[in-house]
Amino acid sequence: MYVLSAIVSLTLLGLFLGLLLGIAARYLKVESSPIVDELESLLPGSQCGQCGFPGCRPAAEALAEGKAPATICPPGGSALAEQIAALLGLDLDLSDVKEPELLVARVSEDTCTGCTRCFKVCPTDAIVGAPKQIHAVVADACIGCKKCIEVCPTECLQMHPIEVTLRNWRWNKPSLPEASSSTC
Amino acid sequence: MLSFFTRQRIRGGVHAEERKVETATQPIVYDFPLPKKLYIPLQQHVGKPAEPLIRVGDKVLKGQLLAYSQGMISAPVHAPSSGIILDVNDYPAPHPSALPIRMIVLETDGKDEWIETCPVADPFELTPEDISLRVGAAGIVGLGGATFPTAVKLNMGRENHIDTLIINGAECEPYLSCDDRQMQERAEQIIDGVRLMLHGMETEHAVVAIEDNKPQAFFAMRTAAKFFPQIKVIQIPTRYPMGWDRQLIRYVTGKEVPVGCRSSEIGVTIHNVGTAYATHKAIRHGQPLVSRVITVSGGAVGRPMNVEVPLGTLISELFNFCKVNIEDTARIVMGGPMMGDSLPHAGLPTVKATSGILALTQSELKDTDEKPCIRCASCVTVCPAGLRPLDMANNIRVNQLDAAVDIGLKDCISCGCCSYICPSNIPLVQYFKYASGEVMARQQAAHKSEQTKRLIDDRNARLERIAQQQREEELARLAAKAERERLKAEQEAAV
Chain P
1495 MYVLSAIVSL TLLGLFLGLL LGIAARYLKV ESSPIVDELE SLLPGSQCGQ CGFPGCRPAA
1555 EALAEGKAPA TICPPGGSAL AEQIAALLGL DLDLSDVKEP ELLVARVSED TCTGCTRCFK
1615 VCPTDAIVGA PKQIHAVVAD ACIGCKKCIE VCPTECLQMH PIEVTLRNWR WNKPSLPEAS
1675 SSTC
Chain L
-5 MLSFFTRQRI RGGVHAEERK VETATQPIVY DFPLPKKLYI PLQQHVGKPA EPLIRVGDKV
55 LKGQLLAYSQ GMISAPVHAP SSGIILDVND YPAPHPSALP IRMIVLETDG KDEWIETCPV
115 ADPFELTPED ISLRVGAAGI VGLGGATFPT AVKLNMGREN HIDTLIINGA ECEPYLSCDD
175 RQMQERAEQI IDGVRLMLHG METEHAVVAI EDNKPQAFFA MRTAAKFFPQ IKVIQIPTRY
235 PMGWDRQLIR YVTGKEVPVG CRSSEIGVTI HNVGTAYATH KAIRHGQPLV SRVITVSGGA
295 VGRPMNVEVP LGTLISELFN FCKVNIEDTA RIVMGGPMMG DSLPHAGLPT VKATSGILAL
355 TQSELKDTDE KPCIRCASCV TVCPAGLRPL DMANNIRVNQ LDAAVDIGLK DCISCGCCSY
415 ICPSNIPLVQ YFKYASGEVM ARQQAAHKSE QTKRLIDDRN ARLERIAQQQ REEELARLAA
475 KAERERLKAE QEAAV
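Protein chains in written order, with the working numbering: chain P, 1495 to 1678; chain L, -5 to 489.
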């Protein structure tokens, strides 16, 4: 008798819990790992493909699965690598990460025809202008996505390094001593 | 036992070779020939640059307002001599990068003719607010090198009910002796400036702190302050960086300024002796800040001296006057050798912040042969801010800036004690300067990426709105067309 009641009650319990799990799997389904979303929001979102993945989302997925190193994103530089490593709890060696060189678009006034194509594609509205007027790039808003370069019919838009002024001038990193002097 | 406790008042620091004797024993030189051209930067202070109100070709008199201050924290710029405005344009700034900055170029006419000034007979009749206004209008900024507008500091002093005003006569940097000489020769004027500052800040007491390697300046100042019991003149030990505001406050009052706070929050404000003298000139004589005393020294200088020069004088002209041997000059430094900036060439103007110009020979420079860190912790011992320079440098070397910030990078004052003491010649302070700039750049980058997201969202919203509008118009057009056709059909049916 005891054996029978135990079998019945455990079976019922098992069925009930199984049902609960089934319902939970159906209604509380997680679309994707939340860490992937967090990683994606850290990445620049320009879908440049320099990491070897087709976009920032696939790169974030690879990072979450541990298939890619924290230093995966070249445009992000070491600042981004540090953020990713902190989020994923990874150890990080940043000594050979290259800092990205930031470029911004600039209009050459000699060849701009005022065709208005560039400012229509600019994702941040960084180009100002009007038909048959020379356009100009607001350097502070340009993200260097190069979309305007592709559409410009006269190649008057070119990428240039950001102009160094007293406001953004920084001290260089001291260079490391040469190997010969560090072995003594 | 007691001395054991008082010694705790100084943290860290080094005692560098002073090398002040060459200039400190000679009186200030006043016969500097007026330069043909003066280059006057519009920003010689912390805050917003001044806005020019003259035009090219205007004739100006000495002391005339050239550019007015704009914004809360700013300072005006006055003509250092009489003459004609040649240009308002970008010229190389007195900065390690020598990048261009906006300057007014003044061609002097040699007459050095003052504009009409309005001296005040009894400045203690003026209200404290009036003192601040006059100091602000005279373009006075902190002449110790920080160049924070003095009027703003006086106003903050009134608002925060300061109980002690400290006058910084430490002049702890090697080579420099301009404050020393000014205290010896202009003690009464400086003490008068201190009294005016006390009046302007509604503060009771002032302490003039002078390092004990300047006994003559101390005696001169004590004599001048004899009749003013509210001003105390004290000697402080000679130790770099004694002139750092927090170190000085700690020594003089025993209070420590908390991290991230201003000294005014604990009831103390510091002004430099040169600033006190400029205040005296501005209030008693109505003269704005148009010249300053500069120490020209270093191994390559033939005639080292303290000399009063109009602001905007090119360093090359100073060097001619002081017989500097350009071939022997390995490095030109503006300011002191510990915290000053190395300048790439001498074609740069002197500004309100220029306390000294050094022309150093190769033998005076530090050995740059860098060796590995031996973990002797000398840098930890000398750090006046109580940091661990070796650990911070190790973090920065492998680009772990966040880790460096966590152990106090932002509290580093770039005093250079760690680099000075390091037996392995590791350029520690250069690492910290680089890292501070990089942290700033990252903050700006983070700000920019936020802005970028906002711009992209705004643009998408706009495109969406336009598309919506077009759809609505299209629908309206279609509806109108259907309506027309229906009416037409009805008419046809009626016919």
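Because the hints were derived from the structure by calculation, they are not lab data. This one's a predicted model, so the numbers in the text were calculated from it and none came from an experiment. Built from N, CA and C at the ideal position, the CB exists for glycine as well. Do not take every clue at face value.
As the list claims (entries may be wrong) - Computed, partial: chain P to chain L, Cβ under 10 Å:
#  : residue
1  : P1538
2  : C1542
3  : A1580
4  : L1588
5  : L1596
6  : I1637
7  : Q1652
8  : M1653
9  : V1658
10 : R1664
11 : W1665
12 : L1670
What the hints assert, rightly or not - For each label pair, taking beta carbons as the anchor points, the in silico distance ranges come out as:
#  : chain 1 : residue 1 : chain 2 : residue 2 : range
13 : P       : R1661     : L       : V15       : 29 to 35 Å
14 : P       : A1518     : L       : E468      : 25 to 31 Å
15 : L       : E259      : P       : T1607     : 38 to 44 Å
16 : P       : P1538     : L       : T362      : 52 to 58 Å
17 : L       : P338      : P       : G1583     : 54 to 60 Å
18 : P       : V1658     : L       : D363      : 27 to 33 Å
19 : P       : E1649     : L       : G296      : 53 to 59 Å
20 : L       : D361      : P       : E1649     : 35 to 41 Å
21 : P       : G1583     : L       : Q437      : 51 to 57 Å
22 : P       : R1661     : L       : A455      : 55 to 61 Å
23 : L       : P21       : P       : D1634     : 49 to 55 Å
24 : L       : E259      : P       : K1523     : 18 to 24 Å
To be verified - Calculated cross-link-like contacts (lysine-lysine; reagent style BS3-like; alpha-carbon spacing at most 25 Å):
#  : chain 1 : residue 1 : chain 2 : residue 2
25 : P       : K1641     : L       : K365
26 : L       : K447      : P       : K1614
27 : L       : K427      : L       : K447
28 : L       : K365      : P       : K1667
29 : L       : K475      : P       : K1592
Hint by hint, here is what the structure shows:
1. P1538: Because about 7 Å separates P1538/P from the closest Cβ in chain L, which is inside the 10 Å limit, the hint holds.
2. C1542: 14 Å, violated
3. A1580: Where the cut-off is 10 Å and the nearest Cβ of chain L is about 8 Å from A1580/P, the hint holds.
4. L1588: Status holds, d = 4 Å.
5. L1596: Since chain L brings a Cβ to about 9 Å from L1596/P, closer than 10 Å, the hint holds.
6. I1637: 5 Å, holds
7. Q1652: With Cβ-Cβ at 21 Å, over 10 Å, it is violated.
8. M1653: 17 Å, violated
9. V1658: 7 Å, holds
10. R1664: Because about 3 Å separates R1664/P from the closest Cβ in chain L, which is inside the 10 Å limit, the hint holds.
11. W1665: It holds, given that the least Cβ distance between W1665/P and chain L is near 4 Å, below 10 Å.
12. L1670: Interface hint status for L1670/P: holds (7 Å vs cutoff 10 Å).
13. R1661/P with V15/L: 29 to 35 Å: With a Cβ separation near 40 Å, R1661/P and V15/L fall outside 29 to 35 Å, so the hint is violated.
14. A1518/P with E468/L: 25 to 31 Å: 46 Å, violated
15. E259/L with T1607/P: 38 to 44 Å: Since E259/L and T1607/P have Cβ atoms about 59 Å apart, the given range 38 to 44 Å is violated.
16. P1538/P with T362/L: 52 to 58 Å: The hint (52 to 58 Å, Cβ to Cβ) is violated, given that P1538/P and T362/L are roughly 38 Å apart.
17. P338/L with G1583/P: 54 to 60 Å: 45 Å, violated
18. V1658/P with D363/L: 27 to 33 Å: Taking Cβ atoms as reference, V1658/P and D363/L lie about 30 Å apart, which means the hint holds.
19. E1649/P with G296/L: 53 to 59 Å: 57 Å, holds
20. D361/L with E1649/P: 35 to 41 Å: 52 Å, violated
21. G1583/P with Q437/L: 51 to 57 Å: About 24 Å separates the Cβ atoms of G1583/P and Q437/L, which means 51 to 57 Å is violated.
22. R1661/P with A455/L: 55 to 61 Å: About 31 Å separates the Cβ atoms of R1661/P and A455/L, which means 55 to 61 Å is violated.
23. P21/L with D1634/P: 49 to 55 Å: This hint holds: roughly 52 Å between Cβ atoms.
24. E259/L with K1523/P: 18 to 24 Å: Violated - the Cβ-Cβ distance for E259/L and K1523/P, about 54 Å, lies outside 18 to 24 Å.
25. K1641/P with K365/L: At roughly 48 Å apart (the allowed maximum being 25 Å), K365/L and K1641/P break the hint.
26. K447/L with K1614/P: 18 Å, holds
27. K427/L with K447/L: At roughly 30 Å apart (the allowed maximum being 25 Å), K447/L and K427/L break the hint.
28. K365/L with K1667/P: 17 Å, holds
29. K475/L with K1592/P: Between K475/L and K1592/P the Cα gap is close to 62 Å, so the pair fails against 25 Å, i.e. violated.
Hint violations for this structure: numbers 2, 7, 8, 13, 14, 15, 16, 17, 20, 21, 22, 24, 25, 27, 29, all remaining hints satisfied.
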